[in-house]
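Asks: Got chain G sorted already, so can you dock chain V onto it with the hints?
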Amino acid sequence: MEVVVEASDLQKRFGDVRAVDGLDLAVERGDVFGFLGPNGAGKSTTIRMIMGLVRPSAGTVRVFGYDVWRDRRRALARVGALVETPGFYRYLSGRQNLWLLSELSGGATREAVDLALKRAGLADRADDKVKAYSHGMRQRLGIAQALVCEPELVVLDEPTDGLDPQGMKEVRELISGLARDQGMTVFLSSHLLHEVEQVCTKVAVIHHGKQMGSGPVAELLSGGGRVQITVDRPARAAAALAKLDFVTVSAVRDDSIIAEVKDGRTAEVNRLLVAGGFEVSAIVPKRTSLEEFYFSLTGPEDGKANPA
Amino acid sequence: MVRQIRLEVFKLVRRGRSYLGFGALLLISGLAVVALLFGPHMIETSMSQGFITAGSYLNGGFVAWMMLNAPPTALFLPLFACVVTGDMVSGETADGTLRTVLSRPVGRGSLFAAKFAVSVIYVVALTLFLGIAAYGIGTIFLGRGVLVTFQEGSMLGAQGIYVYDAREGLTRLAAAYAFVSVGVLSVATIALFLSTIVANSLGAIGGAMLTLIVFGILAMFDFFKPIHPFLFTTHLDRWRDFFTTPIPWGEIRTSLAVLFAYIVVFLLAGLTVFTRKDVIS
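These protein sequence lines are chains G and V, in that order. 1 is the number of the first residue of the first sequence in the numbering used here; add one for each residue after it. 1001 is the number of the first residue of the second sequence in the numbering used here; add one for each residue after it.
Just chain G, with the same shape it has in the complex (with noise of 0.2 Å):
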């Protein structure tokens, strides 16, 4: 699979703070790829060296091969990108600054133009200048502006900042759609970790400027082996599974048990209970969510992130 964003040892630092601190990043073509993490761990600084607004101060970042810094011309051809809120020239019209920014992109034809408002939900306020629109409408208009061009790779830095709920809805559907329908790769930095489970294919977790993990989204959610067996007389349950060696249980409750059992042998943890007389009631796989996975990584009070 073609890496089309690589950053490899990537740093950046800001006088004595490290923004930014030996990160490593691989995203394949089609990938959704969350990019998770509090306030002030690095997310803007990782997006602002892909997209060349910042210079690393060691490591490399190659966007479809090309290092940005040094090519920046080839590396971001196909390359549509919303950068935090979305600067626009407020004395030009919404349809002018599409056509404008396209132009530096090597163009787009009127009706992409007239497509990108549409699907922004601005065709009816495309000539009105960009002083008179609302936050919520600058930042469809930035998701407009990273998609008129049509890009391979589309990077999006909380791209749902500012909008409605409906509007929210709409954008990670328009994401989701994105990857499924035209074959897009997504980069997407976001706050909110229901969003990034809803969309992403893959994530990563960045805390102090460093990556805690990342992975396939639906193989870090996959909890592994872990089960929650319901159960009468759990604490006993539990005693008699702690003598297996392929059974590890993290959670006593008062009615199940949180354990993890290996190479799937759940059937054998069922006929070992009823052989011992406890009375199983269900044997559920017990999924990780995105928010405990990440807070795992980065902790309960650093780990600042919006679980809504």
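Calculated directly from the structure, the hints in this document are not laboratory data. Mixed in with the good hints, there may be bad ones.
Listed next, the in silico PhoX-like pairs over lysine-lysine satisfying Cα-Cα at most 25 Å (straight line) [what the hints assert, rightly or not]: (1) 118/G x 131/G; (2) 262/G x 243/G; (3) 1277/V x 1011/V; (4) 129/G x 1011/V; (5) 1011/V x 131/G.
Since this is a predicted model, take the numbers as computed values, not measurements.
Replies: What follows is chain V alone, placed relative to chain G:
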């Protein structure tokens, strides 16, 4: 590069701020003509003290020449140029548009070069507009005729005068305005450079104007005489030599060389900063 210049021009013409200087210079030219129409006595009284004149020398050409002499012009022309060039990078940094633009596959060097090219276009247009407006309004209300210019003294205490026929006067005015545009461009390039290192356009505009004023003050003191030839402000007034006979081309070339040196140095400094700048706003 051509596409980027076209886009920069598009932004310039769509922005109200770009017309501020044109409007103000038009107003100043109009006021100058009104003053000459309804109160030319001071100049005529001054002239009559040393010369006997016949006919009218208060005409379009005289207004265009007078505007170059007017102290407000010496201040406002660079100021209005700096209002635009000092905003080229810092303004876009402050409002986030630089971030949006540089997220596109555009070379930083060519983008800065395009901004400089548009600065040149704007400065030349602004300066020539002053000349055309002053000459045009003056001609409409005062008529055309020979060009009379004063030398070696103030307008109201002239030590000498030069008289050129209308055609030659116009040629000399065109050359003088072209020279002035180079001088204004030197200040505007300083503003463009400063706009790459400050976060808001006021800093860049103020910094360039402060440089102009400080250099002007240095030029007033003999103590700093050894450095006078290297101050761009020393050379800004060289346009006056286009109204002497013969024209001292050697001095004019020297002054142009100094002014272009300032332009090149600050252009390269700005280019260096811009191509290495972290866009973190």
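Asks: May I ask which of the numbered hints given earlier this structure violates, with the numbers listed in increasing order?
Replies: none
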